[in-house]
Amino acid sequence: MDMPADIVIHWADFFRQHGADLALGLWTTLHICAVAVSAGILLGFMVEILSRNHILRRRILRVYIEIFRGTPLLVQLYLLYFGGPAFGLSLEADTAGTVGLALYAGAYFAEIFRAGFLSIPAGHLEAAHSLGISPLRILWRIELPQMAGLIVPPSVNQIITLMKDSAVLSIITVTEMTKQSTRIMNESFIIVEPLCLLALSYWLLSSLAGWAGRCLEIRLTRHRSLKK
Amino acid sequence: MAPITVHTPPVLQLRDVHKHFGDVHVLKGINLEIFPSQVVCLIGPSGSGKSTLLRCINFLEEYDCGEVLIFGERIGYSTSYDGRRVPMPKEHIRVMRRDLGMVFQHFNLWPHMTAVENVSEAVRSVKKKNITEALRISRDMLAKVGLADMENRYPAQLSGGQQQRVAIARALAMEPRIMLFDEPTSSLDPELVGDVLDVMQSLAGEGMTMIVVTHEMGFAAGVADLIVFMEDGRILEQGTPDRIFHNAENRRVRAFLQSYGRREKNAGKAHTATNSHNKGVCNEPTDHHSGAAGSRGCPQKRTAHQNHQHARHAGRRYLGL
Ligand SMILES: Nc1ncnc2c1ncn2[C@@H]1O[C@H](COP(=O)(O)OP(=O)(O)O)[C@@H](O)[C@H]1O
Ligand SMILES: [Mg+2]
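Line by line, the protein sequences give chains A and B.
Residue 1 is where the first sequence starts when you use the working numbering, and the numbers rise one by one after that.
Residue 1001 is where the second sequence starts when you use the working numbering, and the numbers rise one by one after that.
Accuracy of the hints is not assured; some may be wrong.
[Claimed, not checked] Straight-line C-alpha distance at most 20 Å; calculated DMTMM-like pairs for lysine to aspartate or glutamate: (1) Lys1028(B) to Glu1067(B); (2) Lys1127(B) to Glu126(A); (3) Lys1090(B) to Glu126(A); (4) Lys1028(B) to Asp1016(B); (5) Lys1129(B) to Asp1140(B).
FYI, nobody ran anything at the bench for these hints, they're computed from the structure.
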């Protein structure tokens, strides 16, 4: 009957030895993801705003979307981190990882925003124009709130995917969760514990994002489900 | 019919307006003059360009050539020193649009805003009223269209007729000088049509200049000062309801109205029944009808103002419906 005690002691030992490394990994993943996702959303939004009603800009920005959506994140990171210096651009691993992830995310978020803008009936905008409301105000008060409910689910999806994709940053030596776990494995030859913990961490982060997304979605679409 | 003499300048003038959609010639030289407080009903078969014409007036649609003048000022384009047509700055178009309220077939309320938010949005952002003032104006407007108790409902919680009346209130809150209606009752259940027509009729009674694209011939006959018949991008004939409905010169106009009369007669009974309950949306009689309105050649509407709700029934009887 001393099995549970053994397990507790075993995990306590594990955390004493590697807790700091794991915490650093978690922190790095969290802050890189937060920055990259925010920057990606902003980038995607700007790309879509700039390409509206402007054919030339749309064509140019389309190239950006096609490149970053059409090549693996790993290859993009290699190009940025290892290939960067060849173009006079030497970034630290963390910076390269964040920038790479943000550029990759931007391409996807641009598409999400495009779908959002397309979802708004032309008549709603015509009504606003016929009242003389300014384009900026229309964007802020009519388009964004109206498409918010629609773009939240795919955005949350995208954020979850990005969080999991951030594991790839380990390959360019960013000390995020996956990197820290593999390092512990290599140094201590403990395999199962760090991997289980790693999987659990990603799952918890994804679930948290999913839950927050659902709360937000319910708030934003309340006007649709109202009773007469 | 005695000729109508008008001494005031037109509020709206269209001169030889042409419009293409790609290769399709949709407006083929439209000439039209509309005077203060005039109610103009634009009728004609579907696809004849009525909506396009209305949308050219507030420049939701660009026109290829000709002029649309609003209170004498050309909307959308100006003429450069060498006579070329140059697009007007967007801000200027926005300013000109403030004189024009528009009501659409599909209401186009913003679904994420309540009724009062829909109405107050432009009052706040375009008229730059503070929020208290904007809400007060908006509530007044909702009361005017008979929806005082619905201000906190979202569009999804309102019937089609109520949504359309919110849309009318939203346009009226901007104090436009001309109202454009594009088939305001065409997507409503028949029993809701009457409420919306009542609001429009009381608006006409207050002296609002209105251009109404409609298939409600009873409304056109009872309320309009001028009927304009369009077909295939052209105005085939225009005149008083009396002339268009009973003495149209153009064979095609007569044919269209006859086919319409037959259809309406079949659906007529149920229709008039619903129109007969008055929702109390009519405000106290206002006397805006002196001056230009006096020369409008539609005396029965003015004298019968107190019971102008009944004008439409009169209109129907008059059409033999
Ligand atoms: N945005 C558009 N693009 C191309 N064709 C159009 C467009 N809007 C209208 N049309 C065409 O213009 C003609 C007139 O349309 P419309 O003004 O809507 O007629 P109405 O309102 O009298 O039914 C129709 O043949 C229609 O197909
Ligand atoms: Mg139409």
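- [ ] Take the C-alpha atoms of lysine 1129(B) and aspartate 1140(B), compute the straight-line distance between them, and say whether it is at most 20 Å.
- [x] Cα-Cα ~15 Å, so holds.
Open item on the list: Against the 20 Å threshold, does the CA-CA distance of lysine 1028(B) and aspartate 1016(B) hold or violate the hint?
Closed with: holds (8 Å)
TODO: Quickly compare the C-alpha distance for lysine 1127(B) and glutamate 126(A) to 20 Å and report which way the hint goes.
DONE: Holds: lysine 1127(B) and glutamate 126(A) sit about 18 Å apart, inside 20 Å.
Task: Hint consistency between lysine 1090(B) and glutamate 126(A) [alpha-carbon to alpha-carbon, up to 20 Å] - done: This hinted pair holds, its Cα atoms lying about 14 Å apart.
TODO: Starting from lysine 1028(B), check that the Cα of glutamate 1067(B) is at most 20 Å away, please.
DONE: Holds - the C-alpha atoms of glutamate 1067(B) and lysine 1028(B) are around 13 Å apart, at most 20 Å.
Checked against the numbered hints above, the structure breaks none of them.
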